[in-house]
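Novice: The lines below spell out each chain.
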Amino acid sequence: MSLSELTASQLLQQLREGRIKAVEVVAHSLRQIDQYDPTVGAFLRVNRDHAFAQAEEIDRRRSRGEKLGKLAGLPVAVKDNICTQGEPTTCASRMLKRFVPPYDATVIARLKAADAIIVGKTNLDEFAMGGSTETSALGRTCNPWDVTRIPGGSSGGAAACVAARMVPLSVGSDTGGSIRQPAALCGVTGLKPTYGRVSRFGLVAFASSLDQIGPLAQTAEDCALLLEVLAGHDPKDATSIPQPVPPFSETVRQPLEGLRVGWVREHLGEGVSPSVLAAIQEAIKVFQSLGAKVEEVELPHARYAVATYYIIACSEASSNLARYDGVHYGYRTDEKAMLAELAEERRVLQQQGKSEALEDLDTALVRMYRKTRAEGFGAEVKRRIMLGTYALSAGYYDAYYLKALKVRRLIRQDYDKAFQKVHVIVGPVTPTPAFALGEKINDPLAMYLFDLFTVGTNLAGLPAISIPCGFSEDGMPIGLHLQAPPLEEETLLRAAHMFQQVTDWHRRRPPLLDRQAVAT
Amino acid sequence: MISLAEIEKVAVLARLLLTPAESQQMTEQLGKILEYMSLLNEVNTENVEPLAHAVELTNVFREDRVTPSLDREMALANAPHRDEECYRVPAVLGEV
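Chains as they are written, first to last, in the working numbering: chain A, 734 to 1253; chain B, 42 to 137.
Certain hints may be false.
[Claimed, not checked] Cβ-to-Cβ under 10 Å is the rule here; a few derived chain B residues that face chain A: (1) L57; (2) E63; (3) Q66; (4) Q70; (5) N82; (6) V84; (7) L92; (8) L98; (9) R103; (10) L117; (11) H122; (12) V130.
Treat the hints as calculated values from the structure; they're not laboratory data. Where a beta carbon is used, it is the ideal one built from N, C-alpha and C, also for glycine.
I would like the entire structure built from these sequences, with the hints used as guidance.
Specialist: Here it is in structure tokens:
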């Protein structure tokens, strides 16, 4: 059996039993990257030498009988908005192209302590703002199932590298669906934990009340393995929850008795493509066949989730991204050119006798900020900063930001009520399978509306998972969304594992792998 | 929904510099998005408390103790313009 057929849990088993070595696993991972990443473009950087050295060290320690961490010898990919000390962390932005963090994110420290091997950093939408990875300023990622389509986003690279079997485990972040949506579109499993379950320390902030780090892998079992390492209280993140972490990797295999599954009428209606609808209905039947009781629940404010989400997320983003000022770190505009330009503007205004405009002219410092940000940020990031600044500005604060916070509570209350009746809510992750590269990039509102099934989860702070549940007629993966009450990751993982025990959607491989394997 | 003049004012607040073409496009796109967001007006939010954080933890304190922090050299390492001990910025006071 080829190494890329094995899940992380199976690889770990073989590593522990001494049947394979960490260097073989890493070598295989790097070969897959060499072979497929020129086409897929999942990685922004690969730490080849370091990964090998680390694998050799782990093999040495194992042969000496030393106690090793929970992920010893497993290659892991990390989204490039998570800080890695001494290694660039770019957020796929010109602004941070040359930024080298002076510290590790807490999740990186945890991965290192678990002896995981970080093989590289994956592509994303710039600052995680987008749903297609097309807003990346540093590279293009495509869907391994059809290279003319988007991989989803913002964790597009994180999902694509698992789908193309380059790594068994991948770490992403999810602010409004950025783990679950690319997982669905690339046919892998991705989990967004409860807000506060995983430390955000060292995750470059987009929307602080919504951001959450989580795992992507082939199976729920593998996500459990990785989540167990990532999760836990961290004094460095004041919003992290001081609760013990269940042994997810052990409990994931325990089937759930008496599972109650809810579905929402609006999620299975208008705007959902027939192939997605059919796959979700089929998935609900699978849960029924496993003994689950299925019933309808209501989320009456779900239709307001996209509007609410984009007001809140952009408001928080406009505040968080104010730090990129060309002073402390990151990109800065050419100062000489900027000063010359400003002097010329002043000269023209003086000549024209426009004293008012002259008074309004930027100071050198303000112009430095503005030009730095104009050149450092891409179009989508600017759009969101503008939207957020507007929503928070005097005169509009109550109408937009405050209103959205109130609707947010109503959305949360809907979930609380629904979860009195059921353990999980199932539905589609996206209304359609992956669309074509370029299809929506010039229509921001259409892009935002694609998030309608995932953003509510973040607004309510809930955990949710996306698992493969079928394919469209043209062969694109479809994801099943399971949402649960706060801190119920265990329920999600167990339910997903039950589903994956009786289905094989998660085992399908993109045709690209077999085609190119034959060709070489 | 939102005027070109408002866009230009927000761009100053946001410390962005937009070209005339960008401002024009931003006016159209933000107008469309804000129009969609007016959907929220149909929700009755009377007597609803705003929810800023899904997990409402309160009073997360730590001990007021001195702990090691980034040393100066590490903090300055990523600065686009610096001298031995400080960040450098364009002149803030007076004519340039």
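Novice: Run every hint past the structure and note whether it holds.
Specialist: Status of each hint after checking the structure:
Among the interface hints, the one on L57(B) holds; its C-beta lies about 5 Å from the nearest C-beta in chain A, closer than the 10 Å criterion. The interface hint given for E63(B) holds, since its Cβ lies 8 Å from the closest Cβ of chain A, which is under the 10 Å cut-off. Among the interface hints, the one on Q66(B) holds; its C-beta lies about 9 Å from the nearest C-beta in chain A, closer than the 10 Å criterion. Checking Q70(B) against chain A: minimum C-beta separation of about 6 Å stays under 10 Å; hint holds.
For N82(B), the shortest C-beta to C-beta distance to chain A is roughly 8 Å, which falls under 10 Å, so the interface hint holds. With a least beta-carbon distance of about 5 Å to chain A, the hint placing V84(B) at the interface is held under the 10 Å criterion. Annotation: interface hint on L92(B) holds; nearest CB of chain A at approximately 4 Å, less than 10 Å. Annotation: L98(B) was flagged as interfacial toward chain A, and the flag holds, the nearest CB pair being 7 Å apart, inside 10 Å.
For R103(B), the interface hint holds, since its Cβ comes within 10 Å of a Cβ in chain A; the closest pair sits about 7 Å apart. The beta carbon of L117(B) comes within 9 Å of a beta carbon in chain A, closer than 10 Å, and the hint placing it at the interface holds. The criterion of a C-beta within 10 Å of any C-beta in chain A is met by H122(B), whose closest approach is roughly 6 Å, and the hint holds. Interface restraint check for V130(B): the shortest CB-CB distance to chain A comes to about 6 Å, inside 10 Å, so the restraint holds.
Violated hints are absent here; each numbered hint is respected by the structure.
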